[in-house]
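Asks: Chain by chain, the residues run as shown.
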Amino acid sequence: MSDLQPSSSAKPDKAAAARRQFFADAGRLACGAGLLGLGLGLYAKQARALPPAALRPPGAGGESDFLGACIRCGLCVRDCPYGTLSLARPEEPIATGTPYFLARQVPCEMCEDIPCVKACPTGALDHGLTDINEARMGLAVLLDQETCLNFLGLRCDVCYRVCPVIDKAITLELRPNTRTGRHTMFIPTVHSDHCTGCGKCERSCVLETAAIKVLPIALAKGQLGQHYRVGWEEQRKAGHSLVEDKGLGDLPDRIPESAPLEGHYDPASQGGPSLAPGKAATPDSGVDSLSPRLPGADAHSAGLPAMPQNIPGGGLPNRLSDEAAR
Amino acid sequence: MSGFLAPRFAEARAAKGWLGAHRWLLLRRLSQLGILALFLLGPLAGLWLVKGNLSYSLTLDVLPLTDPLLALQVLLSGHRPERLALLGAAIVLVFYALVGGRVYCAWVCPMNLVTDLAGWLRERLGLKGSAHISRRARYWILALTLLLPLAGAGLAWELVNPVSLLHRGLIFGLGTAWTVVLGIFLLDLLVMSRGWCGHLCPMGAFYGLLGRGSLLRVSARRRSNCNDCMDCFAVCPEPQVIRPALKGEGAGVGPVILASACTNCGRCIDVCAKDVFVFGNRFNQHTPSNDPAGKAGR
Ligand code: SF4
Ligand code: SF4
Ligand code: SF4
Ligand code: SF4
Ligand code: SF4
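First to last, the protein sequences are chains W and G. Under the numbering used here, think of the first position of the first sequence as 335, with each following residue one higher. Under the numbering used here, think of the first position of the second sequence as 7, with each following residue one higher.
No lab work stands behind these hints: they were computed from the structure. Do not take every clue at face value.
Stated by the list, open to error - DSS-like cross-link-like pairs, simulated, lysine-lysine; straight-line CA separation at most 30 Å:
no.	chain 1	residue 1	chain 2	residue 2
1	W	K379	W	K555
2	G	K253	W	K348
3	G	K253	G	K22
4	W	K555	W	K580
5	G	K134	W	K348
6	W	K502	W	K452
As the list claims (entries may be wrong) - Examples of chain G residues toward chain W, derived with CB under 7 Å:
no.	residue
7	L39
8	A43
9	L76
10	V80
11	A91
12	W146
13	P155
14	A159
15	G160
16	A162
17	D281
18	Q291
19	T293
Just so it is clear, CB atoms sit at the ideal spot from N, CA and C, and this is done for glycine as well.
Please take these sequences and the hints and turn them into a complete structure.
Replies: Printed below as a string of structure tokens:
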């Protein structure tokens, strides 16, 4: 207070006191507001972590963008004809007032006209999304291979059959059932380039607790190292092998010469591959080289333990022809 | 004002009757509850005249109304809203800029029902002592609500905003939001007189600033009739706004209440037995003392 006057009159003193009071008040308020802000900021940061089970409606961007764009009006909730969406209540671990859905309860039915997005006044649900197949609400993952009925060798297939993007988002990949030694397992396999995360598979999984679940994409997806290249894809793009004829050194084999491994392609071995390399490289037939117990003619002839012949229903040749008939 | 059931504002009642002494209060409750009812008609009766909540609503599928403070927070968080949200915000901004920003507080906000109840009960129970926090605190909190989205925290205030927690809760499911509302009620009742709406709420602060130049204003037009019963001060949620207009004659201050904190609730009009206050426009500074027509109009 440099302008404090050394006068004896009460007025400037009073003014100065009032000014002091003002600054003291302002200081207190600023501190209070600052503390409040700090607390709120921390709370907001915590609220930004969406629990994995909660999915955002179609067209929602990343979580922190969405929390800055969504005005919490609930118009998307109102215009969803299937009652899929709700606004989070304070006791739920989702930013209060924002729309979400739980796939296991009510999944998204992937409306062709996407009314939830159209209703959103702020564009928190991106109006650029006009084809629901482009939505990425999450990514289905077959999480539990121990309880999934198809992994147990049965034919449940429900998640596959209910998928609105069947045969693209989810396929059944054939694998030999090594437990029975004679059947095929139909493994539900999700493909991230088509899965919209609608949650219908999780909703319909027949187990008490779904074995397949839709997760936030960031949680569900792995990421290759930036410098990784998938050899066969590079080969397909180039139209020819990128390593053959490049004079790459042959690494020493770590198995005895006398024990040839069926399906193992050793470029330097005398007789060449026992399986066509092209065949071994295609994913759907790749199983041949992986499972020595596979009851195939190759395994039989490779001197591996023969499959029991006294199983009801006939010997190996019969069973082989059974399989072939399917 | 002893005794729980002792009649309040007896003078006004004697002069104007119960109805006359509660006219604006009744209209205001009608407005608050009517607006709430319109919002509830959809979820409760399937009649979707209005969809959404006070953050954003769409009426009859044509009229968008957006909370401008929320729209501002969205903009500050770096997102450009779609046309409807912007249009809704513009409509609301213009409306309240004309009729008085805090008309939202007195005539629309559901929290006002809660804080008015707390204020009423506080007086009835004769609870005195009140914590002192400056009425300017709300502007700091307002600044905070705008800083947080700027700092990348999204619409952080909406995580705790009692107004939207209550209104959204009533329409979409309250959950534990009632605890926040109860907290505000207890704050106003036990800790601070008019604590929330009069000191802390950033929405009230925002709407107050918005209505700084509003046309519709209460005027102490017949201030020369004032008999110093102080009933208007007792009933007003922002009593500091009254003095300049009511007592400013000597200092050459006009009779119009220009302070932006006035909520245009009209309670002062109700409780004044002498009919000092009227609604008018901000430029109408004349008083019966400079207009010999006297008490024309009433
Ligand atoms: S796409 Fe249809 S079912 Fe899915 S959330 Fe939107 S409105 Fe609801
Ligand atoms: S309609 Fe848009 S702004 Fe409103 S709650 Fe849904 S996502 Fe948020
Ligand atoms: S979430 Fe499931 S049902 Fe929906 S698209 Fe993805 S795999 Fe198909
Ligand atoms: S001050 Fe806030 S809580 Fe009170 S009536 Fe106004 S907006 Fe509602
Ligand atoms: S001055 Fe009158 S209208 Fe304004 S807030 Fe006070 S009581 Fe309400």
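Asks: Between W/K379 and W/K555, does the CA-CA distance stay at or below 30 Å?
Replies: holds (23 Å)
Asks: Does W/K348 sit within 30 Å of G/K134, going by the straight-line distance between their CA atoms?
Replies: holds (29 Å)
Asks: Quick check on the hint: G/L39 CB to chain W CB, less than 7 Å?
Replies: violated (21 Å)
Asks: Sort out whether W/K452 lies within 30 Å of W/K502, counting only the CA atoms.
Replies: Holds, at about 26 Å.
Asks: Measuring from the C-beta of G/A43 to each C-beta in chain W, is the shortest one below 7 Å?
Replies: violated (17 Å)
Asks: So, G/T293 near chain W? Judge it on the closest CB pair being under 7 Å.
Replies: This interface hint is violated because 31 Å lies over the 7 Å limit.
Asks: Could you check if G/P155 really has its C-beta closer than 7 Å to a C-beta on chain W?
Replies: holds (6 Å)
Asks: Next pair to validate is G/K253 with W/K348; report whether the Cα-Cα distance is within 30 Å.
Replies: holds (23 Å)
Asks: Hold the hint about G/Q291 up to the distance rule: shortest CB distance to chain W must be less than 7 Å.
Replies: The hint is violated - G/Q291 has no Cβ within 7 Å of chain W, the shortest such distance being about 29 Å.
Asks: Once the shortest beta carbon distance from G/G160 to chain W is found, is it less than 7 Å?
Replies: Given a least distance of 3 Å, the restraint on G/G160 holds.
Asks: Does the interface hint hold: is G/W146 within less than 7 Å of chain W, judged Cβ to Cβ?
Replies: Where the cut-off is 7 Å and the nearest Cβ of chain W is about 4 Å from G/W146, the hint holds.
Asks: Given a cut of 7 Å on the nearest C-beta pair, is the interface hint for G/A159 held or broken against chain W?
Replies: Holds, about 4 Å.
This entry does not satisfy hints 4, 7, 8, 17, 18 and 19, going by the numbered hints stated previously.
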